[in-house]
Amino acid sequence: MDQDFKSRLIAAMADAIIAHAEELTALDSAIGDGDHGLNMKRGFEAVLADASNITAKPLPDALKAIGMTLVMKVGGASGPLYGTLAMGLGKALPTEPSVADAAGALGRAIEDVKARGKSEAGQKTMLDVLVPVQVAFAAGGEDIATRLPAVAAEAADATIPMKAVRGRASFLGERSIGHMDPGARSSSLLVQAICSVFDEA
Amino acid sequence: MGERKNVGIVIVSHSAKVAEGAADMVRQMVGDSVPLAAVGGNADGGLGTDVGAIMGAIGKAWSESGVAILVDLGGAETNSEMAIEMMPETQRDRIVICNAPLVEGAVMAATEASGGSPLAAVRATAEELMGG
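Sequence order for the protein chains is A and B.
Position 63, counted from 1, in the first sequence is what this note's numbering calls 63; the numbers after and before it change by one each time, with no gaps.
Position 13, counted from 1, in the second sequence is what this note's numbering calls 13; the numbers after and before it change by one each time, with no gaps.
Bound conformation, chain B alone (with noise of 0.2 Å):
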C-alpha cells in the first residue's frame, strides 16, 4: 500500500467565476497537497450549475480518502446531491457535501485534508463554520 492520499475537495457555485476564484484561494493556501476542482455555470455557460460537470469535479478531485463539496446556493446542493447518487456505487459513500459558507469552508476543509484527515473530520471543521 502506499501513501494514503489526501482527501479531495469540489467547489460547486453558480458561477464558474466565483468557483475559480474560491479555487485559487485554497491553491494559496495549500498548495498541490489537495486534490481539487471548481466547477461553476450551467450546460450553456450562463449561470447554474450543472450534475454532469459536478460529476467530472468529483472524478477530478477524487481520492480513495474520499472528496468533500462545498456549494454556494441550494440548486447547487441538489444538483451536487443527484451528482453523487449517479457516481459509482463504489464512490458514493465517501463523498459529502458540507453545510458550510462556500469559500471559507473550501478554505478551511482544504486546510484539514492538507494534513492528512479523514473525511469525517474535513466535513467536521468545515461545518463548524456555521456554529458560528
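Only chain A is shown next, with the shape it has when bound in the complex (with noise of 0.2 Å):
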C-alpha cells in the first residue's frame, strides 16, 4: 500500500469524523455524556496532523501510530477502544495484505476491542456494528468495498432499540432505548469512508 492512498484513508475517516462530530455529540447527549463527537474530532485531528509521519510508515505501524494517537488525544472511553481496534490491526496485518488477510487481521482487532471494553456484540456498542461488517467482509464475494456500508449502516441502525449494558449508556438501563449507539454510528462512519477509498480505488 502506498503512501499516498494511506494519506487518502487518513483524510477520508478524519473528514468523516470531523464532518459529524455534532450528529455523534447529539447521539452521545441522549444517552451517555455528549463528548463523542469532540473527543473523536480531536483525535481524528490529531492524526491528520500527523499523517505525513504515519504513512511515511509500513501499514502496521502506520496503524499502531494511529492508535497510539487516538489512545492519547481522544480523552474518553473510545480512545482506547478506537485505539485498541487500530493496534489490533497492526499487530495482525502484513505489509501488503490480501482481502483475506484484512478480514483475518479485522476479526483479531475485534477480539482485542471485546476484551478491552469488556463487551460483547447486542450490548448497544461499536461491536455491534464492527462484528456484523467482520463477518460480512470475511463472507467476501463481489464488490464488497461497495456493499459494506450498508451492512455498516444497517447495524448501527440495528443499535436504536437494544438496551445498553455496557458504559454510560448501561446507568439509563431502559431509558436507552430509542437512540442510536454513538459510538456504532461512528464505526458505521468509519467502515463508508474507507470503503468509499477502496470503491474509488
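Some hints here could point you the wrong way.
Stated by the list, open to error - In the DSBU-like style, the derived pairs of lysine-lysine whose C-alpha atoms are separated by at most 30 Å in a straight line are:
1. K60/B to K118/A
2. K114/A to K91/A
3. K57/A to K91/A
4. K118/A to K163/A
5. K5/B to K17/B
6. K64/A to K60/B
7. K41/A to K114/A
8. K17/B to K41/A
9. K114/A to K57/A
10. K91/A to K64/A
11. K17/B to K118/A
12. K60/B to K5/B
Simulated from the structure, these hints should not be mistaken for lab results.
Take the two lone chains and join them into the complex the hints point to.
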C-alpha cells in the first residue's frame, strides 16, 4: 500500500468524523455524556496533523501509530477502544495484505476490542457494527467495498432498539432504548469512509 | 535495604475538581504517609480522562510496594487499564484498579496503605465497600 493511498484513507476517516462531530455528540447527549463527537474529532485531527509521518511508515506501523494517537488524544473511553482496534489491526496485518488477510486481522482486532471494553455484540456498542461488518467482509464476494457501507449503516440502525449494558449509557437502563449508539454510528462512518477509498481505487 | 515504602494511591476522575477534592480528603486522613496523585479531565482541560496524564499520575505516586487506582466512571476505568498496559513491564504487575467508589475507596485504600499493608490488602479494603 503506497503512501498516497494511506493518506487518502486517513483523510477520508478524519473528514467523516469531523463532518459528523455534532451529530455524534448529539447521539451521545441522548444516552451518554455528550462528548463522543468532540472526543473523536480531537483524536482524528491529531491523526490528520501527523499524517505525513504516519503514512511514511509501513502499514502495520502506521496503524499502530494511529492507534497510539487515538489513545492519547481522544480523552474518553472511545480512545482506548478505537486505539485498541487500530493497534490490533497493526499487529495482525502484513505490510501488503490480501482481502482475506484484512478480514482475518479485523476479526482478531475485534477480539482485542471485546477484551478492552469487556463487551460483546448485542450490548449497544461499536461492536454491533464492527462484528457484522467483519462477518460480511470475511464472507467476501463481488464488490465488497460497495456493499459493506450498507451493512454498517443497517447495523448502526439496529442498535436503536437495543438496551445498553456497557458504558455510561448502561446507567440509563430502559431509557437507553430508542437512540442509536454513538459508537455504532462512528464505526459505521469509519467503515463508509474506508470503503469509499477502496471503491474509488 | 531501606524501609519499604507504602502503597501509592492514584485517583482518576472525569473531573479535575473531583479528583483534587478526593485527594484533599485522603491527605487530611493520612497526611504524607502514602504517595498520592490525582488526575482528571481530558487533554483540552474538559471533562474526560487522559491516558497520558494517568500514566504521569501513576509515575508520581509510584511505590515499590505498588499503586492502587480508584476511578469514577467507565471511561476512567478503560483509560486506566490502557495506561497500566503502557507502563514499563517491571511496574505493570504492581498496579491495580480497585472496584470501589471513588471517594470512599480512596480514603479506605489510603488508610490501609498508611499502615504499611501490601497492595492486595489495600485493594481488598477498598473493594469491601462494594460488598455492602
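Cross-check of the supplied hints:
1. With a C-alpha separation of about 28 Å, the suggested pair K60/B and K118/A falls inside the 30 Å cut-off, and the hint holds.
2. With a CA separation close to 16 Å, the supplied pair K114/A and K91/A stays within the 30 Å bound.
3. With a CA separation close to 14 Å, the supplied pair K57/A and K91/A stays within the 30 Å bound.
4. Restraint check for K118/A and K163/A: satisfied, since their Cα atoms lie roughly 16 Å apart, inside the 30 Å limit.
5. With a C-alpha separation of about 28 Å, the suggested pair K5/B and K17/B falls inside the 30 Å cut-off, and the hint holds.
6. A threshold of 30 Å between alpha carbons decides the hint, and for K64/A with K60/B the separation of about 27 Å falls inside it, so the pair holds.
7. Between K41/A and K114/A, the direct Cα distance comes to roughly 23 Å. Compliance with the 30 Å bound is thereby established for this hinted pair.
8. For a cut-off of 30 Å, the pair hint linking K17/B to K41/A stands: about 25 Å separates their Cα positions.
9. Under the criterion of a C-alpha separation no larger than 30 Å, the hint pairing K114/A with K57/A is consistent with the structure, at around 27 Å.
10. Restraint check for K91/A and K64/A: satisfied, since their Cα atoms lie roughly 8 Å apart, inside the 30 Å limit.
11. Between K17/B and K118/A the CA atoms are separated by roughly 28 Å; this keeps the pair inside 30 Å, and the hint holds.
12. At most 30 Å may separate the alpha-carbon atoms for a hinted pair to count; K60/B and K5/B meet this at roughly 14 Å.
Figure legend: structure checked against the earlier numbered hints; every hint is met.
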